[in-house]
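Residue numbering for the sequence shown follows the UniProt record's numbering, starting at 1 and increasing by one per position.
Since the hints were derived computationally from the structure, they do not count as laboratory data. Beta carbons are placed, not taken as given, at the ideal position from N, Cα and C, and that holds for glycine. Treat the hints loosely; a few may be bogus.
Taking lysine to any residue pairs in the SDA-like style, the calculated list, with each CA pair at most 20 Å apart, reads [stated by the list, open to error]:
no., residue 1, residue 2
1, Lys-173, Gly-65
2, Lys-173, Arg-40
3, Lys-173, Asp-145
4, Lys-173, Ala-161
5, Lys-53, Arg-40
6, Lys-173, Gly-148
7, Lys-53, Ala-109
8, Lys-173, Gly-115
9, Lys-53, Ser-87
10, Lys-173, Pro-94
11, Lys-173, Phe-37
12, Lys-53, Arg-149
13, Lys-173, Arg-92
14, Lys-53, Glu-91
15, Lys-53, Pro-10
16, Lys-53, Glu-104
17, Lys-173, Ala-137
18, Lys-173, Gly-39
19, Lys-53, Pro-94
20, Lys-53, Gly-39
21, Lys-173, Asp-41
22, Lys-173, Asp-162
23, Lys-53, Asp-145
24, Lys-173, Glu-88
25, Lys-173, Gly-146
26, Lys-53, Ala-161
27, Lys-173, Ser-74
28, Lys-173, Asp-58
Using C-beta positions, here's what the derived DEER-type ranges look like [stated by the list, open to error]:
no., residue 1, residue 2, range
29, Gly-148, Pro-10, 47 to 57 Å
30, Pro-10, Asn-106, 53 to 63 Å
31, Pro-84, Leu-175, 12 to 22 Å
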Amino acid sequence: MKVSPLVALPPLIFAGLAALFLWRLDHNDPNGIPSTFVGRDAPAVPQTTLPGKPQLTDEMLRQPGVKLVNFWASWCPPCRAEHPTLSELSERLPVYGIDLRDPEANALAFLNEDGDPFAAIATDPRGRAAIDWGVTAPPETFIIDGEGRVLYRFAGPLIRADYTDRFLPELEKALSAEQ
1 MKVSPLVALP PLIFAGLAAL FLWRLDHNDP NGIPSTFVGR DAPAVPQTTL
51 PGKPQLTDEM LRQPGVKLVN FWASWCPPCR AEHPTLSELS ERLPVYGIDL
101 RDPEANALAF LNEDGDPFAA IATDPRGRAA IDWGVTAPPE TFIIDGEGRV
151 LYRFAGPLIR ADYTDRFLPE LEKALSAEQ
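With these hints in hand, go ahead and build the complete structure from the sequences.
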């Protein structure tokens, strides 16, 4: 009985695809969420702010120097956890905030209780800007260069090992490239 060599083709194709998928899994950051905006201009920011707070503008994102854009909300426990880190970072560079789907009074109370690390704020009551930026859930922080380009996207709170091992190296790289 003679067996056709074509019988071996499906298992070989399967094995090749399985090897390719395993290789790709091994060579990506398992904690990273890719952003289509990395290397591109930052999307527009909303033209609304909280009463008594400076308005975040698109022009601010294009000013010289590295800066951060942080999507946050008062109802978000991880946002509260990362708040001290944002306060520390605001001593080194501009940190801009986009308040996501938050009642004005709650957002202002949060900033009054825990301090306001933001150089300027925009509000996103319907979540439209979050969609435009590709935000999946707050908190998310973007590193922006001096020309308004997104250099890095960090999903999750800036705390513990995620902050020191993943975010800080990217920030340091951006800051050293600016000099």
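Q. Which of the numbered hints above does this structure break?
A. Structure breaks hints 5, 8, 12, 15, 17, 20, 23, 26, 27, 28.
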